[in-house]
Amino acid sequence: MVTAMTNSRGLDRREAVAALLKDRGDMLVITGLGSPGYDVHAASDDDSTFYLWGAMGAAALIGLGLAQARPDRNVVVVTGDGEQLMGLGGLATIAVAKPKNLVIIVIDNGHFGETGMQRSHTGLGLDIAKVAQACGIEARVLRRLDEIEAVRDTLRRRSKGPRLYVVKVRAENVPRSLPPRDAVHLKNRFRSQLGLPVT
Amino acid sequence: MAVSGKRAMGRGARARKARGSARKTLASEPLDWPQALYGALRSADVRQMAFVPDAGHSKLIELFTADPDVISNVLTTEEEGIAIAAGAWLGGMRSVLLMQSSGVGNCINMLSLATISRFPLLMLVTMRGEWAEFNPWQVPMGRATEPALNAIGVRTFRAETPQDLLDMASSAATLAYEADQQVAVLISQRMLGRKKW
Chain A
1360 MVTAMTNSRG LDRREAVAAL LKDRGDMLVI TGLGSPGYDV HAASDDDSTF YLWGAMGAAA
1420 LIGLGLAQAR PDRNVVVVTG DGEQLMGLGG LATIAVAKPK NLVIIVIDNG HFGETGMQRS
1480 HTGLGLDIAK VAQACGIEAR VLRRLDEIEA VRDTLRRRSK GPRLYVVKVR AENVPRSLPP
1540 RDAVHLKNRF RSQLGLPVT
Chain B
905 MAVSGKRAMG RGARARKARG SARKTLASEP LDWPQALYGA LRSADVRQMA FVPDAGHSKL
965 IELFTADPDV ISNVLTTEEE GIAIAAGAWL GGMRSVLLMQ SSGVGNCINM LSLATISRFP
1025 LLMLVTMRGE WAEFNPWQVP MGRATEPALN AIGVRTFRAE TPQDLLDMAS SAATLAYEAD
1085 QQVAVLISQR MLGRKKW
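First to last, the sequence lines map onto chains A and B.
Numbering-wise, the first sequence is residues 1360 to 1558 according to this note's numbering.
Numbering-wise, the second sequence is residues 905 to 1101 according to this note's numbering.
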């Protein structure tokens, strides 16, 4: 039986994401759909961010494709527990691909925040960091701001393989900060900042 | 991205070899289509491949995975490859996705990523459930493959012969990587032959 866990404790998600992305330099950022995208947008919009508004489960894998195409750059994926749960198999694919320049941040409020705060698997006891570890990804859970700041300082370093951090945040709906929804615009601005042609 | 002269030369030499082998094939001998297809895709500068295996793709998978200039990803489910290809394009790399017709069903919602973003997408799909099929479980998705792809906005070409396949793959590569289209080349089960049990 799974034990229900309340999530009244935890970090402020906006504070946590802003702390992670402070001084992001030339990092390339992919966000999952919903609140993690709003959090990244609220921290600062940038041409080197590609936001998803759908394709649930895709974020970390887009990060993988990008990390393989650009081994010279660091790729950070910021997504939510629900989005990553839909792509659990992707953690296996990322683990065996072994990119050294990919970090996945799972903003975990234990709930599906966009659809009425239904409890998710992580809210019912599942530990995504342990799932990632079982796949062979270096992973841990971050619960305090100073832990996040320590991780931030390592985001632009190469590592032995992919990393995943679960950031425990409060389950609350904060005011939305909406990124552009036109995917072609997002794609073209992303490619342009890398100096790639747009069609 | 910087490409060393050695790497570039290696690619070119391989592509020339592959093109050569396609050209010298005589009508009397069967076309080594996996080799020719690999050559065509490498000539189109495909440098990433993702797959859920199928017997019909096995030779092509071997050729790609043996190529040090191609990054190959084995997937747990086919839709992962749609996302990986999108990420690769964001970073300037061309990707191809190999799967069996049953895998198309796994991809449908993920294909909205490629269609709404106009990400180039080239899928090579080996068909099951349509010709001398032994396994009834392959039939429903085999029947639904082409309509499902068309319904989500992916253009399809159906190859009945190895020459069809080469022409269509080459055309599809241009449509995808130059015209930002989402294209699937369906490889007929009749062409692939009966599965041995």
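Because the hints were derived from the structure by calculation, they are not lab data.
Where hints are given, some of them may not hold.
Computed cross-link-like contacts, DMTMM-like style, restricted to lysine to aspartate or glutamate with a CA-CA straight-line distance of at most 25 Å [claimed, not checked]: (1) 1489(A) x 966(B); (2) 1519(A) x 1068(B); (3) 1457(A) x 971(B); (4) 1459(A) x 1068(B); (5) 963(B) x 1068(B); (6) 1457(A) x 973(B); (7) 1457(A) x 949(B); (8) 1459(A) x 971(B); (9) 1457(A) x 966(B).
As the structure is a prediction and not an experimental result, all values here were calculated from the model.
A quick look at each hint next to the structure:
1. 1489(A) x 966(B): Outside the cut-off at roughly 33 Å; violated.
2. 1519(A) x 1068(B): violated, 44 Å
3. 1457(A) x 971(B): Answer holds: residue 1457(A) to residue 971(B) is near 18 Å, not above 25 Å.
4. 1459(A) x 1068(B): Judged against 25 Å, a Cα distance of about 40 Å means the pair is violated.
5. 963(B) x 1068(B): Holds. Residue 963(B) to residue 1068(B) sits at ~18 Å (cutoff 25 Å).
6. 1457(A) x 973(B): holds, 16 Å
7. 1457(A) x 949(B): The hint holds at about 23 Å.
8. 1459(A) x 971(B): The given pair, whose Cα atoms are some 20 Å apart, holds under the 25 Å limit.
9. 1457(A) x 966(B): holds, 20 Å
Hints 1, 2 and 4, counting from the list given before, are not met by this structure.
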